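Colleague: Read off the chains here:
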Amino acid sequence: MALPSPAQGSRPAHTGKQRVLVSSTSSDSHTWNLVFLQLMLEEMGNQVINIGACVPDELLIAECRRHRPDVVVISSVNGHGFLDGKRMIGRLRAEPDLARMPVVIGGKLGTRGSSVFGRHLMDAGFDAVFEDSAGIEPFRSYLELAPHAAELEATA
Amino acid sequence: MTASVPAPRQGRFGTAVAAAAARGQLVVQPRMGMPLVADMQAGLAAVRAARAATVGTITLDSYTRVGDHASARRALADGSDLNGFPIVAHGAEVTRRMLGALDDPGFAIQVRHGSPLPLGIVQALADAGLDATEGGPVSYCLPYSRTPLNEAVDAWARSCELLAEKVPGAHLESFGGCMLGQMCPPSLLVAISVLEGIFFKQHGLTSVSLSYAQQTSFPQDREALAALRRLAGEYLTGVAWHVVLYTYMGVFPQTEAGAMALLRSSAVLAQVTGTERMIVKTAAEAFRIPSVVDNVQALEEAAAAARTADSAQASQADDSGLYEEARALVEAVLELDTDMGRALLGAFARGVLDVPFCLHADNAGNTRAYVDSTGRLQWLAAGAMPVRAVAPAGASRLTADGFLTMLSHVQHRFDGPVLHSRARFPLTSSSKA
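Chains as they are written, first to last, in full-length UniProt numbering: chain A, 1 to 156; chain B, 1 to 433.
Hints are computed from structural coordinates only; laboratory data are not their basis. As the structure is a computational prediction, the values presented were derived from the model and not from experiment. Among the clues, some could well be false.
Claimed, not checked - Stretch by stretch, here's where chain A covers chain B in the computed footprint (C-beta under 8 Å, at least three residues):
| id | region |
| --- | --- |
| 1 | 31-38 |
| 2 | 144-153 |
| 3 | 400-407 |
As the list claims (entries may be wrong) - Have a look at the derived ranges for each label pair, beta carbon to beta carbon:
| id | chain 1 | residue 1 | chain 2 | residue 2 | range |
| --- | --- | --- | --- | --- | --- |
| 4 | A | Gly135 | B | Val37 | 21 to 31 Å |
| 5 | A | Ala94 | B | Gly233 | 58 to 68 Å |
| 6 | B | Ser291 | A | Glu144 | 27 to 37 Å |
| 7 | A | Ala99 | B | Ala77 | 36 to 46 Å |
| 8 | A | Arg140 | B | Gly375 | 52 to 62 Å |
| 9 | A | Glu58 | B | Gly24 | 50 to 60 Å |
| 10 | B | Thr399 | A | Val116 | 31 to 41 Å |
| 11 | B | Arg51 | A | Pro56 | 40 to 50 Å |
| 12 | B | Glu165 | A | Ala99 | 35 to 45 Å |
| 13 | B | Ala45 | A | Arg140 | 50 to 60 Å |
All C-beta atoms, glycine included, are put in the ideal place defined by N, C-alpha and C.
Okay, chain B solo, but in the shape it has when bound (with noise of 0.2 Å):
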């Protein structure tokens, strides 16, 4: 956490990550969201109860997210299901019963989302009385919608300012450091993380976290998390922060082995970079939406992994330049313009920042990456970003079935090679938030 004088402003959210990582402790998260007040109730609850230290998660639905509440409505009514919470049709009032009936004032929990035009859920949350939520206008627009860059922009620079005002002390992630959940590089997930931090920042808030998704290698998920640490340090004066690391959210392994393994590796990486948070992932995340049982026995496991994780066993960081890529795409985008949301589109229109195989019709589209040999996230392809691409020896074009391979690289490492044969076809995939 940075230390800086006057204190900024932190609510229950901000104030409960900065407790646990005063005692060393890494705080997990699970994804979850259910539709009935009684379900979700009992969901945060059993989430509170873990042996871990934890925060609680409100996943919303669908049509709340693109504020179709009517449709949330009749599905309350019919007894239908929806994939998460309808804070809007339940209401503010609904909302605020459930968690007063917690009973646990100090518990903290985030609204979770997906949203390119988020006012309306903003505006639910306050008045329901929480005070966390995450996202931001590039990282919730490029990946999983068709809204213009300039809309989601205005639309997040009026969400942040709303909630700065109504809750003081507000907590806001930025989800940039997750785009398109797997194939992304490492230097331009640490650029998006700070640049959309920089834009809560101008916008009012005082209690922000930046994001990184655990990639395909363990040393240079070590640089990178180091990199984001150090840039967010000097981008981020004035204002509270914490880093959130989220286990891997590609193609996951089969085995309930492998997928242990990977969520446990992540937790040691969240414990040797010193992150504050970790958004879990289950054992049953390739099968089928985790049950609570399920994400307490996830909690858990990450939180004894991080407990005994040994900095000096684990391998150590790379050195391969990554702050100074990430830093040099963060400097070109601020030369662009001093207000933020007016850098990110000028950024976003010249390639500037472009994101590898996001078909978004405001990402120019023109850089590509692989993995390397050693396992590593690489340019093929930079387009028009201050960033080298470095080829692999002998193939200079990425082809349809090696593609295919590096969205399962590491599935395949973490199930074993019993398991090349079984494993599914990866295009199914999904890594929404």
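The following block holds chain A by itself, in its conformation from the complex (with noise of 0.2 Å):
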């Protein structure tokens, strides 16, 4: 389930090609899943920064603040996701010249499956929240009409 927020956060206000972040959450080792986006990533035409596995909270944090991408794209499928998720974004929104940086998490996000964590994970500052069980098609269109979003929203 694709879950983009219309009223919260920002979107990747770039058009054509985009400077996209991946990374998984601090206790997730699992790295097929951050390959795979990346070369999908970079099939689209966008410019990735893949920061891999485990990430802590501060990394990922400096990460950011480094590379300033269009995008921070959160992967994990260790089922720690939502909690992960929820408390990191909760510190990457805390820091004032991150709080309005388009992230979002996607994947396994819980043991127990499906869609009871979007509109929390939404609610603590992810931009949008794409669950496994939806396939990849969401996060894919999510994407691609980001840019065209903000034009018009630059336009309304």
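The task is to assemble the complex, starting from two chains supplied on their own in separate frames and drawing on the hints.
Modeller: Written out as structure tokens, the structure is:
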């Protein structure tokens, strides 16, 4: 399920090629999901900075500052994505310079699966939440539409 | 095994594998680690009693791996679950008593962990009277940790020296042939295994093994294992060595029949290549942590397949120049420094070694691999490594969808076409030791 928020946060602001920072959560050591996302995002024409697995919150914050990406994509498949993601986004949003950076999360976010996490994670500060049960398409569409959505907002 | 004069010193583990090899028997070994002493002891006893030449495994839990022994002690006190045997929390005396109760001083046991900083673990296993473990400065750092490679190299150097000093004849296996479990072309797996073996030798070990994980093609794997043996013979003089094969570590078949067929194919591969030891996988692997019964079944199935393997009937080895490619990688690293630790650091910094799809900050990340139309692993991009990439006809870039198909290539082949539609998303597969 994709839950792009109409009201809060911000969207990737560039048209065309975007700089996307891909990261896992602090407790998740899986990497094939991150490699898959990198290949897919590159195929879509984006530039990818992939900072890998088991990323502590402080490191993610530092890398967001260093690279200033157009969008941050968090992927987790170990079932702790809900807990890790909620804590991480709270800390990131508490940094004034990162409060409006577009950050989305997706994967297998809980051990019991399914759509109960989306709203909580949106409320915690994510701009969109993608659960693996819906497949990759909603995420792909979100990224494709995001730059144009920003244009529309600008001209509205 | 190498014959050299004077014979290098080998403890219980190296001796047990050499004795089985002399009888023409493949040694089979499970992955296994339970938190409680009674369960761990029962598991080891069941492995020893299996109808096969076996060695035992004590896999450590995640807290112990990262040195958080307080959490391991708390979990033991609370009766909460741990994913392995907390050797430090139990203490050397408890572990010694458990091993004594097995009442078989000849039964060889390896401690498995996965730590890039293993000094405390090496100290604990030596104190408990154990004499074998595995890993390596590259193979336990790049795939699973954020530890800087230079810290892992220093820690492994000190750990090797401690092990060699405290337990003469102790055995150390390089996990270098298993990088990321899947999608790494064989020449690089062979080279890293040999380089870690040389590292162990430089730091005082006299009994080592080199690993290789079964990949996507029997003829290519057969060529790789022959190359590994040839290079071990050339670079590990004065050290007793053997080769250990891992049954496929990537996305595993979902059907019992498919899983067992893949396990048997690895046993045949081990037997026809003269491989001395094999780490098995179970049919339960794709769904849950295997039980002792699952493990014993897998050990016996693998041993039976190895006994009846017919070299003439198995697919022959490729002749693709894999030995030359692996040797070029080894030589390019040796040229950088006489100290193997510094040579490895230089090699990764320059991209002379560059593991495809490895996201560690100390890996250059300029290489990519693919499974070709014949099922063999090939280089799509070789970065700065002294090997040549052979792009597939028609498509020179890896698509995300193509990559998913490659991750599941072996699963699909062994499960058969009927299961394609039921194949699970392959991205949650984990390939840890």
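Colleague: All the hints need checking, so say for each whether the structure fits it.
Modeller: Cross-check of the supplied hints:
For the region 31-38 of chain B, the stated coverage by chain A is violated: 0 residues have a C-beta nearer than 8 Å to a C-beta of that chain, whereas at least 3 were required. For the region 144-153 of chain B, the assignment as covered by chain A holds, since 3 residues bring a beta-carbon within under 8 Å of that chain's beta-carbons and 3 suffice. For the region 400-407 of chain B, the assignment as covered by chain A holds, since 4 residues bring a beta-carbon within under 8 Å of that chain's beta-carbons and 3 suffice. Distance hint check: the CB atoms of Gly135/A and Val37/B are about 46 Å apart, inconsistent with the given range 21 to 31 Å.
Range check, Ala94/A to Gly233/B: Cβ separation about 59 Å, and the 58 to 68 Å hint holds. A beta carbon spacing of about 47 Å between Ser291/B and Glu144/A contradicts the range 27 to 37 Å that was offered as a hint. For Ala99/A paired with Ala77/B, a C-beta distance near 43 Å keeps the hint of 36 to 46 Å intact. A hinted range of 52 to 62 Å for the beta carbons of Arg140/A and Gly375/B is inconsistent with their spacing of about 29 Å.
The given range of 50 to 60 Å is respected by Glu58/A and Gly24/B, whose C-beta atoms sit roughly 56 Å from each other. The hinted range of 31 to 41 Å is satisfied by Thr399/B and Val116/A, whose Cβ atoms lie roughly 33 Å apart. Checking the proposed 40 to 50 Å range against Arg51/B and Pro56/A shows it holds: the Cβ atoms sit about 48 Å from each other. Here the CB-CB span from Glu165/B to Ala99/A is close to 55 Å, at odds with the stated 35 to 45 Å.
For Ala45/B paired with Arg140/A, a C-beta distance near 53 Å keeps the hint of 50 to 60 Å intact.
The structure does not agree with the numbered hints 1, 4, 6, 8 and 12 stated previously, though it agrees with the rest.
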